[in-house]
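**Q** Here are the chains, one letter per residue:
Protein chains: 2
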Amino acid sequence: MPWFRKLLQVSSSSLRKASPLNPRYIFSSNYTSQTGGLEPTKPNEKPRVVVLGSGWAGCRLMKGIDTNIYDVVCVSPRNHMVFTPLLASTCVGTLEFRSVAEPIGRIQPAISTAPGSYFFLANCKGIDVDDHVVHCETVTDGVDTLHPWNFKIAYDKLVIASGAEALTFGIKGVKEHATFLREVSHAQEIRRKLLLNLMLSDVPGISEEEKRRLLHCVVIGGGPTGVEFSGELSDFIMKDVRERYLHVKDYIHVTLIEANEILSSFDDRLRQYATKQLTKSGVRLMRGIVKDVQPQKIILNDGTEVPYGLLVWSTGVGPSSFIHSLQLPKSPGGRIGVDEWLRVPSLQDVFSIGDCCGFLESTGRPVLPALAQVAERQGKYLAALLNRIGKDGGGYANSARDMELGKQFIYKHLGSMATVGRYKALVDLRQSKEGKGLSMTGFVSWFIWRSAYLTRVVSWRNRFYVAVNWATTFVFGRDISRI
Amino acid sequence: MPWFRKLLQVSSSSLRKASPLNPRYIFSSNYTSQTGGLEPTKPNEKPRVVVLGSGWAGCRLMKGIDTNIYDVVCVSPRNHMVFTPLLASTCVGTLEFRSVAEPIGRIQPAISTAPGSYFFLANCKGIDVDDHVVHCETVTDGVDTLHPWNFKIAYDKLVIASGAEALTFGIKGVKEHATFLREVSHAQEIRRKLLLNLMLSDVPGISEEEKRRLLHCVVIGGGPTGVEFSGELSDFIMKDVRERYLHVKDYIHVTLIEANEILSSFDDRLRQYATKQLTKSGVRLMRGIVKDVQPQKIILNDGTEVPYGLLVWSTGVGPSSFIHSLQLPKSPGGRIGVDEWLRVPSLQDVFSIGDCCGFLESTGRPVLPALAQVAERQGKYLAALLNRIGKDGGGYANSARDMELGKQFIYKHLGSMATVGRYKALVDLRQSKEGKGLSMTGFVSWFIWRSAYLTRVVSWRNRFYVAVNWATTFVFGRDISRI
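Going down the list, the protein sequences come from chains A and B. At position 274 of the first sequence the residue is numbered 274 (the working numbering), and the sequence of numbers has no breaks. At position 359 of the second sequence the residue is numbered 359 (the working numbering), and the sequence of numbers has no breaks.
Same shape as in the complex, but just chain A (with noise of 0.2 Å):
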């Protein structure tokens, strides 16, 4: 066992000369002690690259690491990415949860076989910069028989693509009774809430008013996701619910509920177009601000009660609290400040990518939106750049100090799409919010939008479930078992 000889036990001296006080040993909550780790790479080894996430930013990162060079750590709580742009079909059953998630094994084979290169299922606590250091503990998820345990792990080269957190502006109430719409586990929610929701409605005695409610689906946020969501749901609806919910299907509605206008990054006719579409298919659109919820219903600044029996919460996304907690440079909205080549600067050999990284306000750049496809480039560019580096002998730690790095990210937008609906979607081709080029609606957007995704479901296996998913939905209509 190759890692096995690598376990190191952290000696009492190591341990005392780092202190949270000390400003370069960056601490996040809760840490304590240790029992092994992976220890500093030596020379006849490869460098070792530690990933911190898994998702968009990180697998593209992994994806492209050449591993003849470096040998990569990936710590995440969770084993595979999710194919976010899909997630909202799996709710209603248009795919299968599995066909949108892929395991990080398939994407970087050598982190299941190369001896060097691991997966590690596990939260990354604090960074020791000045020791090349990340603190870890396991995820052990509700398992009685076991406790989470810490390790570090020294790294060459580190990359913090640990993503965003749901933003809930402090309301109270939203982490308790909404569902955010971001990882398998709340596609799960919200299907198993809904099947059972549509499945208590039937049951003789539920009064007439508790029966809406129950069936009342309410997205907050007209963003992607929420547009996107809600044209699913009613699409469900519009298709499956009235065949094989007979009884109850004049009591179900979908309210999307946004507090300026939906799809705002969009042109101004394509939102006109979203609009008409989503009414059209029996999605009501609401102004409003949410001020509060409760177990039954959402409160709106100006008084009005919204009783629900499903809430989806989708109004976008912020920096995360183990971000919050580092002590590093930031961007403006207190992302991880990084430079034009993705570093954290003053830092050695420290790169954030993704949702949780920002220009520095010194680099004149505005912050890129939290989108899968800046997540995407900025992996693949930082993939590039580091094997640069390494194939030029700066792998180690502390060896590319002095290295020119070459060419800096620049971030070029490809467009935005979003469905509406059943066979209905829009495409932006615009290159900015005020930019001119080509929008496209209806079907042969809807066409684009599905082999879109469908080419970059990242291995053919998921390619080949999500085409046979769609096929037999098509056919046979889509899955109601509640498993």
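All the pointers check out, no bait thrown in.
Just so you know, same-sequence chains aren't split out, so a pair can sit in one copy or run between any two.
Straight-line alpha carbon distances no greater than 20 Å define the calculated SDA-like cross-link-like pairs of lysine to any residue that follow:
1. Lys280 / Asp240
2. Lys380 / Glu404
3. Lys407 / Gly393
4. Lys42 / Ala114
5. Lys407 / Arg343
6. Lys330 / Phe409
It should be emphasised that the hints constitute simulated quantities derived from the structure, not laboratory data.
Got chain A; can you put chain B on it based on the hints?
**A** Just chain B now, kept in the frame of chain A:
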């Protein structure tokens, strides 16, 4: 809403009349008050068959019921049938969970479309055999915004098909620490634990001993389910773990513990073949009786301690606490006693099928084994019987008292099948343990096994999916994302 018109407010007099002391009023536990229900059918309505349960027996019955004659109401805590023989394959990712679950609305479409037919997500709490009423409580599954409520359903014909429970023989800790393999949720739990243990065992800081424990999968019970699960698991280890979890491949082991012989219902030669194949594929067979189950180890009768990371309990089934609580005539072994026509004798219009029933001693027939095959045949038989009764005008409550019922139910065993890992299976076509007949092993059996199950999967949708799953596993290997 037709059902809404049938809503019935229970008058206090009807509650006063019935009391748990009255032996005709058969109650289970925790019965409180009711808020509504389905009234007795009127002469201008179709008679109503109420089916308790949605397993093999109940679903085969509902599939066969002529919905031109009857309305069908199903009461069950799950809205789908589980294709149990393939459940073991879902734990390791050979099949998707959804492929082995069939929504009831797809088995009997009238349930979701006919005005008088329903599916209720609920548990039956008691039966009032004099008034022809069942008392139910909704399943709300931890949703904190809704309290379970009670309702009652009047029946013309009642079919109790609520199945059996896993036997624990009163051994301490089984329910807390072991996982059964009877529902899709069990398979999901096994999969989550297995993948969690695989990932945790790779994290630095874990001792050699703890690693061996985490990766030790113990199966208790050498019946077909235990043997098939052990085979699937060792197949997964041989084929997928060795490739994808290279770091831990030498630590993972499967042990099958059985008090007597494995596959005791099979032919001697088949048993020897199974033993040889399982041993060859790395399953350790162990004789032993479990005395105590602790969080990380089991203790056998002879004092041996067996540490485990995953414990699957599969020692057969027995009468559930619901069946126990019903004051009905019982068969040897405590199941609901039925006569040759699957009626509960001395009561009007009450039938029982599947694992929860057994022939009364007075019939002179043996209690049939708890097999899908038996349950399915009984469901089919009873559907035909009820259709004939309905056609002859005996569909309503108390209207078939002196009717000639025709052919008795006779069970003819068609043979048993079990897989023992990769491309190997057993097929035993003898009609009884002592009988003569064909028995087969090896690849041909395995092919028969797959084909037989594939054609028996209820819907074309799932047949298609099971075939696609098998093909994908063959080409791409198993899915290992832990979602």
